[in-house]
Amino acid sequence: MAKLHLEPRIQNPDPLYKALAYLHTDLSAEESLVVNAKLLFLLINHIGDEAVVYEAIDLVRKDMDSSRVE
Amino acid sequence: MPVMQRTYQYEEFPYRPSREEQSGEIGHYPVVIVGAGPVGLTAANDLVYHGIPVVLIDEDNKVSLGSRAICFDKRALEIFDRLGVVEPMEAKGVTWNVGRVFHQEEEVYQFNLLPEEGHAHPAFINLQQYYLEEYLIRPLRDQPLADLRWLNRLEALEIHEDFVRLTVSTPQGTYQMDAEWLIAADGAHSTVRKLMGLDYKGRQFESKFLITDVVMQNEDFPTERWFWFDPPFNPGYSALLHKQADNVWRIDMQLPRDADEAEAQDPERVEQRIRRMLGDDVPFELEWISLYRFHSRRMDRFWHGRVFFVGDAAHIVSPFGARGANSGFQDVDNLIWKLKLVMQGQASPELLETFNQERTYAADENLFHTETSTEFISPKTSGQKTLRKAILDLAREYAFARPFINSGRLSKATIYPSSPLSTPDEDTFACQLAPGWPPADAPVTVGGQSSFLTQQVGGQFQGLLFLQKPEDLSAEQLADLKALAQKDVPIHTLLVVAQPTPLREYEGMPVLVDVQGLAWKRYDATPGTYYLLRPDQYICARWRTLDRNKVEAAQRHAGRLIV
Ligand SMILES: Cc1cc2nc3c(=O)[nH]c(=O)nc-3n(C[C@H](O)[C@H](O)[C@H](O)COP(=O)(O)OP(=O)(O)OC[C@H]3O[C@@H](n4cnc5c(N)ncnc54)[C@H](O)[C@@H]3O)c2cc1C
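Chains F and S supply the protein sequences, listed in that same order.
Residue 72 is where the first sequence ends in the working numbering, and the numbering goes up by one at each step.
Residue 564 is where the second sequence ends in the working numbering, and the numbering goes up by one at each step.
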């Protein structure tokens with residue numbers, strides 16, 4: 003059932019991460035959250051496969067739950 | 002706290018001592034309805050439509066006080082059309098199809114709920130609930146089949162295997178009567194439900210909403226639904242503006258969760274709030290003020306032996322999407338024909354279970370949509386607010402974001418994709434419609450007179466046979482259709498023809514001319530296509546060619562027939 007890719011797929015992660023980080027340089031905490039949410043919606047729509055998105059949501063929720071327990 | 006209502010005069014309906022009070026005897030009736038709200042009144046009209054006598058009791062003697070439901074959907078109008086009560090509603094009501102969504106100062110997008118032509122009724126009319134109830138009461142007042150009993154309150158119930166005994170209090174005392182079947186339409190605080198000790202599970206939302214009606218002569222606001230997220234006049238919260246009859250406008254404003262209820266409803270404060278919204282130069286008068294925290298609940302089952310629950314007694318939703326009363330009308334539309342077949346001994350009581358199945362399915366859909374809308378409209382955490390801000394910002398520019406925006410998913414006819422009454426397709430059809438769907442409408446002419454398909458069907462099982470012209474009907478088809486029309490539970494067929502003809506009827510069957518080709522298109526018809534409709538107009542089976550045995554089997558299945 004796993005459709006969500008969890009193996010490395012990005013060829014050049016450093017510049018990509020840098021671009022993401024730069025996006026937040028001059029933003030308040032609140033603006034950063036909005037920017038992230040916009041990215042999220044753009045990418046969700048691009049992916050277009052709801053099952054993949056639900057899988058990611060589940061994964062993140064489990065991750066949060068376990069980090070809270072610790 | 003009500004302000005003076007100026008635009009509507011409440012008539013007090015007369016209390017008259019009932020037969021029971023006059024004779025001291027216990028009356029026996031086939032059907033009693035408790036509650037003359039919009040849903041109970043619709044049930045009474047539907048029973049009369051089917052020729053069934055009905056006693057309707059209500060503890061009050063007036064129509065609904067103040068501002069409650071205003072938006073009535075296309076399906077409700079189709080039902081009211083069948084019942085012959087739609088005309089005054091559409092004449093008085095305000096028609097609308099378009100909604101606009103604003104975020105802060107700007108318009109984000111607009112939507113059209115009925116983008117295609119060729120329907121008898123619009124997506125919505127806005128009409129104050131008191132007018133709607135008045136128009137539903139009017140045809141019942143001189144109706145010999147209907148016994149309306151005002152200031153009659155249900156106090157106690159005795160449930161027997163084949164009847165229910167009601168104890169009713171009136172200004173003169175109490176009396177008893179027996180009902181073979183009881184329809185509980187007594188609203189969210191249903192006495193019937195409480196007396197039977199039945200659950201009404203769900204939750205209450207935390208957000209508070211201020212509901213106000215104002216009178217204003219204003220040409221600047223069109224007859225559309227306008228919804229604001231985080232507007233400058235109600236920062237951080239939402240607002241909704243709607244036009245009703247008599248130049249009355251409904252304004253809903255979301256308030257902070259901790260808002261003081263008395264203070265929020267103080268007319269002076271309300272006036273200030275509305276002035277901030279409309280601007281200083283717009284004259285208006287306050288007509289009504291109330292404050293709500295909405296509920297989301299339903300009963301486990303809507304059918305209990307001799308008792309049916311419909312409308313708010315069975316389910317209650319937040320008003321975003323206008324699914325409250327509208328779903329109640331569909332409960333009634335679904336129930337009455339089934340009850341009639343069972344009362345006549347033509348259907349197995351199993352048919353009544355399908356009322357429960359179909360309408361609890363519908364209630365779940367309505368609960369899902371209204372809960373999701375309410376959560377979108379009143380986000381709780383800062384994370385939820387952020388998500389919403391992001392999608393609203395994106396929606397201004399990008400179409401992909403708009404479907405996520407939820408200011409209410411507006412009420413429509415329920416679709417039953419896996420209705421227990423449907424016969425699955427064995428032929429291929431390339432249209433949206435399928436068994437379990439409400440009928441698609443289309444303009445037709447009958448003997449040269451303009452009409453609509455949905456106005457020509459309903460109340461009984463019906464077939465639609467699509468032909469190029471009436472004369473294409475073969476001798477074999479004619480024999481089959483005659484046999485179907487002569488059954489104990491008849492199936493009357495209408496011919497939907499592509500070519501114009503002045504004929505009203507052909508071989509005793511009504512001829513509908515598909516003047517714009519829309520019926521053929523919407524039903525994906527080919528010559529000889531046959532649709533079988535339930536008495537509530539829903540499609541229950543269809544084929545590319547008429548086969549009498551298959552039609553009979555599909556009808557037997559859809560009506561759980563035992564004759
Ligand atoms: C602010 C607001 C906005 C809304 N907007 C919309 C909308 O736009 N569209 C929509 O479809 N819905 C809307 N609704 C919901 C709608 O008002 C209700 O769903 C509708 O009134 C339910 O009708 P009903 O007949 O089931 O019950 P009710 O209207 O509650 O009627 C119940 C009746 O039963 C009677 N009764 C109660 N107990 C007894 C007893 N023991 N004996 C005798 N009689 C009794 C009462 O007197 C009453 O007349 C809105 C609701 C609110 C609050």
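In short, the hints are calculated from the structure, not lab data.
Quick reminder that beta carbons are idealized off the backbone N, C-alpha and C, glycines included.
Fair warning: there could be bad hints in the mix.
To be verified - Calculated lysine to any residue pairs in the SDA-like style (CA-CA distance at most 20 Å, straight line):
1. Lys40(F) / Thr355(S)
2. Lys381(S) / Lys20(F)
3. Lys40(F) / Ser291(S)
4. Lys386(S) / Ser34(F)
5. Lys381(S) / Pro10(F)
6. Lys40(F) / Arg397(S)
Said to hold, decoys possible - If you want the footprint, here are the derived chain S segments under chain F, 3+ residues with CB under 8 Å:
7. 379-389
8. 399-412
Notebook entry, point to check: Would you say the stretch 379-389 of chain S counts as covered by chain F, given the rule of at least 3 residues with C-beta under 8 Å?
Noted result: Holds: 4 residues of the stretch 379-389 of chain S have a Cβ under 8 Å from chain F.
Margin query: So if I understand the rule, the pair passes when the alpha-carbon distance is 20 Å or less; does Lys386(S) with Ser34(F) pass?
Written below: The hint holds at about 13 Å.
Notebook entry, point to check: Between Lys40(F) and Thr355(S), does the CA-CA distance stay at or below 20 Å?
Noted result: 45 Å, violated
Note to self: Checking one constraint from the list: CA of Lys40(F) to CA of Arg397(S), max 20 Å. Satisfied?
What the structure shows: 13 Å, holds
Next item on the list: Please count how many residues of the stretch 399-412 of chain S have a CB within 8 Å of a CB from chain F and say whether that reaches 3.
Entry: holds (count 3)
Checklist line | Holds or violated: Lys381(S) to Lys20(F), with C-alpha atoms at most 20 Å apart | finding: Answer violated: Lys381(S) to Lys20(F) is near 33 Å, above 20 Å.
Next item on the list: Mind checking the alpha carbons of Lys381(S) and Pro10(F) for me, to see if they're no more than 20 Å apart?
Entry: 36 Å, violated
Next item on the list: Compare the distance between the alpha carbons of Lys40(F) and Ser291(S) with 20 Å, and conclude whether the hinted pair is satisfied.
Entry: Status violated; Cα separation ~37 Å.
Of the numbered hints stated above, those contradicted by the structure are hints 1, 2, 3, 5, listed in ascending order.
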